[in-house]
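From first to last, the protein sequence lines stand for chains S and P. First residue of the first sequence? That's 467 in the working numbering, and the numbers climb one at a time after it. First residue of the second sequence? That's 46 in the working numbering, and the numbers climb one at a time after it.
No wet-lab data here; the hints were simulated from the structure. Where is the CB? At the ideal position from N, CA and C, for every residue including glycine. Mixed in with the good hints, there may be bad ones.
Simulated pairs of lysine to aspartate or glutamate, EDC-like, Cα-Cα distance not exceeding 16 Å [said to hold, decoys possible]: (1) P:119 / S:573; (2) S:495 / P:271; (3) S:614 / S:573; (4) P:98 / S:550; (5) S:616 / S:573; (6) S:655 / S:603; (7) P:123 / S:612; (8) S:655 / S:643; (9) S:614 / P:121; (10) P:123 / S:573; (11) P:98 / P:365; (12) S:655 / S:606.
If you anchor each label on the Cβ, the simulated ranges turn out as follows [said to hold, decoys possible]: (13) S:496 / P:341: 33 to 41 Å; (14) P:273 / S:590: 28 to 36 Å; (15) S:558 / P:285: 51 to 59 Å; (16) S:501 / P:163: 45 to 53 Å.
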Amino acid sequence: MHQSAPPPVAVDRVHKRFEIPREQVNTLKERVLHPFRRGVTDTLHGLRGVSFAVQPGEFFGIVGRNGSGKSTLLKCLAGIYGVDSGSIYVNGRMSTFIELGVGFNPDLPARDNALLNATMLGLSPREARRRFDSVIDFAELREFVDLKIKNYSSGMLVRLAFSVMIHVDAEILLIDEVLAVGDAAFQQKCFDEFERIHASGATILFVTHDMGAVQRFCDRALLLEHGRPVEMGDPEHVGNRYLELNFSAQARAVEQAAAAEEEAAARAPLPDRGANGANPAAAHAFGTAQTSNPNPIPSQPARGLEPAAGVGAGESADGSRPSTGAPAVGEREGGAAGRRDGDGAAEILAAWCEDEAGERTETLPNGRPCTFAAHLRFREDVENPVFELTVQNSHRDHLLSASNLASEPRRGAFRAGEEVTFRVRFENVLAPDRYHVTPAVTRQGGAWIDRRERMLSVVVTGARRSEALLELPYELAIERGAPRATKAELVR
Amino acid sequence: MSAPLTTPAAQPVGAGEQGGPPQPGGAPEPGGAAERPGAGAPLELAELGHRIKGPSALGADPRRLLHLTWALAKTEFKLAFFGSVLGYLWQLMRPLLLFGVIYLVISHSKLAAGNSQPYFPAALLLGIVLFTFFSESSGGAVSSLVNRENLVRKIEFPRLAVPLSIVVTALLNLALNLVPVLIFLLAAGGAPQWSWLELPLLLAALACFTAGLGMILSVSYVSYRDVRPIWEVVLQMTFYASGIFIAIAGLQPITVFGQSIDLGHVLMANPFAAILEQARHVFIDHRYPSAASAIGGGALVLIPIGIALAAVVGGFVLFDRRAPRVAEQL
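Chain P on its own, in the form it takes in the complex (with noise of 0.2 Å):
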């Protein structure tokens, strides 16, 4: 084994402070040091097993994390079905209802622009479904660990499980909203390509940056109310500047400053607005600017995946740094 460590245990345990309360010990302290480990004898690190650190983001065991994030997340889901007759219809009728209103809206408009997209409405319903999955994951990490409450106050777990289930159970979802889009493709003459197997990578992205800001937002929500409306807010400016139901690429460049900016280039940095494009391209059809080219370069499209890294691990620090306190705040 390894070299002996004393550690602080080391000291009679129950030496309380200086001339403090009487020694709390079964046995008369002098003497109990041979019958009671932990009291008087040095004891190695090893032998007092593992220290508790009290609550983290990730806990100890990864595998808990992971059981646990499933387990909640599984319940929500099953939630979500149990609370109604239609469950699954449910669950399709809302972005199917915005669909519908926005494309017979769209579809009839002096815009038009619409019409000359390919396989419009499949593009229409995608970026509905991806962006119910990105409203339903963030907007609902926002409130999660107070509505936990009762779990993160009575139980250690790994804090992260709570704001992942959340974004697990949307992508739950998520992979039933995606049935339509599939149909509505195929239903339109879309054929399968090989550019779909990029589509899951896509998603994993889309999850890793919601999973970023709901970190944050599950966080400071705790300390900070107001929170929850701000981002209802931020959400609905999403919902209009991410190109879901109007192409952002081709929009009328704005002028700052004497300078004219292309507005779709800056929409772009949106990550989510990246994505959706990319999505567009390489799941519905190739016509669809890519998202390197909607924001007009290459090199450019680091921006977005730059912003969703950020959010990704400035999320996970700030979680990471508040989770144990998380419990003594609510």
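Bound-form chain S, shown alone (with noise of 0.2 Å):
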């Protein structure tokens, strides 16, 4: 009968429905003059079939972008609200966190708050009375224990209140980002904390925006999107699916304001792109100021023609430009659709990124092998062209700057019309960010043919967050005693 131990939590088919009214009748005056008229009320949908069952002793995070549902879920486990269809069963004693000091009262002391927070989180005020010493000697407020809470500092409040909630003992404990307040080192002290709950047995579901602590705590986690569970399974696989969600939206956003951009920058009176390679002098206004240009024309510049554009703009990152026109030190360009430079012998059409399996893909796991790619057309023979491409991250560090100049310059001739895929494969180091790609053909000695400024942009997704603008694969070995003599000191 008893093959194993019951599942601290499960959860089967939750529905939860919100009623919003349109027209909010908030008297009863109005009530009994319109006795019969219904307000029309807009259905969100909170919980759409959620299920799952949690292990005991799990430390399972439940995941989501904002309003998704994650917090709706715990409110529902919590019992604070009901759900309309489905069940929730809960084995063992269930404490719930959504926020640190529940009920504190500013003008009571320290030791009424404490009890009273404890009951209200499920002791009864005997078991609040017998375990108030601990948990004052856990927040370290001994001296401060009659003193009003309203004159805590906001350190010593967070810490009262974390400090009750641990020693309420749950079996289950549900957390809902808790440690969003604090500073870094409380926030430590939180997870050590949860970590020494979760030794000692107790199951936790944890709600939260961080990936990182669900990738360092978490065993399994939920990822919830529209109130839908849409994946479930190991925190890393989770995480990043998550932030593959999170900049996927992020990223149509992003093109949808770039595009309503474009068409506003289509309709001002610029100079045209296709007109270029007909009109030496025109297709030069969209090349730079720079001397070192060796375009059939002089150069001259083009900023007074190209006011929108932003022409002009010294990229100071971009080392592989001379930056010999003086009038471009100090502007930066802000958004993030790029200019583009260049004679306008050739023209890159299109710019794009694939993953593994040669898919395109706005969205590249970190430590997977990926492919940026770039498509263009000549539109006059060009001997000998440069192919090149660089990666910078949101920062504006340039991460990559590939181009064939090293592995082989002299790719011959290509006539005008000609069409030429250049691909860009490595192993994806690069840490989880933003990252613009800037394609760019140029002529041998330098000159533009044609330049696209952060003309893709895709995100890195992964688990690692160091910070670093790589992350790279490494070993790591950690070993006790005094270090082992090197080779050098053997032969000594």
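Each of the two chains sits in its own frame; use the hints to bring them together as a complex.
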């Protein structure tokens, strides 16, 4: 009969809707005056068929974007919201920490607040009194027991609240981003404490945005999107899915904004890109003021012609460009959509990135092979062009500058009308971030034929967030004792 | 153990909607059943632990309701005393000041009804003190759920604790306020009587009636914010119509559709007025009419009793029905 311990938490096809009245009837008067007017309500689906079972002793993460239903789920689990259908079973003493210090009253001393809070969280008053000493000691507030908590610093307050919370010693803890408060040191203390509670056998359900925390602590995680479970299992995997969801939504938003901008720009009286081939002067108008640029027609500052596109904006980080053009210094371009430079002998038509399987994608997982590609068409015959691709992160650090200049500079002549796709493949060691890719085709010597700055935007997802520019694979060894003698020392 | 009850969770937990999201499940579903209780294998109800039913008025554990009610009430009570240096004195001040004014006016007015009543000061103060309790608890209950929003939305607990704690706090205040009533009575020559034993019962009845009102008011206020001004008016009317400072037993009859109606009898239908009348009868002096005689006959006393019961039962039913959704509506 008892083949194994029952799941501490079992959730079975839980649905939760919210009825939100369009016209809020807030007074009895309105109700009496219009007794038959039934307000139109919008139905908001908080949860749509969520099911999962948590194993005993598991540290279970519930993640999702804003409005994905994760907090609703937690509130249903906690019994704060009733569910519309489906059922939730809980086995063991459960405590909910949706907020630290629920019911704290600033005018009461720490003692009363701690006792009240503990009672609210489910202890009997006697238990609360018995644990009070230990609560105060953990919070290190012994000398301030009788101080009204309105005189507490926020740090002390959080310590007190957290201390009460962990002394409720529930077998099942529901935690909702309580760690958003407090400084880094305190957060660490919280996490240490969670680890300790977890190690003592408690089951923890943890709702958060923080993928780092999920991957560090959780045994399993559930990803919600629009109230539906999207992914469940390995935190690493769920974390990646989350970032993917998050950034693809962002990417769509950025794209839409960029498209709107482009549309606006198209209506502005700017030199037509298509006319460049026929009109060298116009073509040069979107070249920049560079004396080193060996263009057939002497270069001239084109700023007056292209005010909106920010020509002349000096990309100081862009080492590939000799910045003799004096006026460029100090100006920086703000937007993501880039400018375009070159003499127009070729045109970069598209740029994209491909994942391991060769599928086009906007998000790349860290640690897997990936490919950046650009497609272009020559308008004129060009001898030995150089294909180039640079990758910048969101802080505009250059992380990759790839070109055929070193490997095979002489690719021969390309005829007008010829189309070329060039690809840059590499193991993706980029840290999770948004990246901008600038493809370019230049002449031997560095003059741009076409360069489309920040033409492509991709997101790299990944579990590790070391704040380093790259997430390089590495091995780490820790040995106790004195360092082993190096070879050189041995020889001596 | 009882017969195995197959629960809805017998279906693989994680089999979401039809064609819906990918199967959430740590282990691949087909093989996962063995190592994962709650997936695949039929489960017995007992094994799944208790079902979370969402918030309710009473909660699963009645002791928790008591603990919480008491903890909340005690906190409120303490707060009233922490707030000021004079604490207890301030608490007494309000009814006493009101008493002072009314006593002065009544005892020097042409009404002069007051003077003829036995132990009038004590009787008047008892009325004021009981009304203070009534208005404090019912008026406080109105916005109690809204004021305790942070609790209601953040933790699961028996929702009834919120309005009940208001009543309990008011009861604590009432206990303090009854001390000067006793002093007034004894000072005026009143002596302890066996009938005093009935007073706690009357107070309990009043507390229940008020709690019933509190349940109705608190839960209505969540949806309708004009409950507060309405209730304030009702309280004011109650103050004048309950015989607190003018004996309603002696009122002139009024004529409605040619019928002579004893206004005093009508006003006695109000449970508060009836309880006050009876409290004076048993506590101050037997010359005060009992509630039964004030309303005009033994059986008629069932009217205020019925109204009070209706408030308690109706209040609980309404509160119980609304309690699960209060957290969402706040």
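(message) Need the list of violated hint numbers for this structure, in ascending order.
(response) No numbers; nothing is violated.
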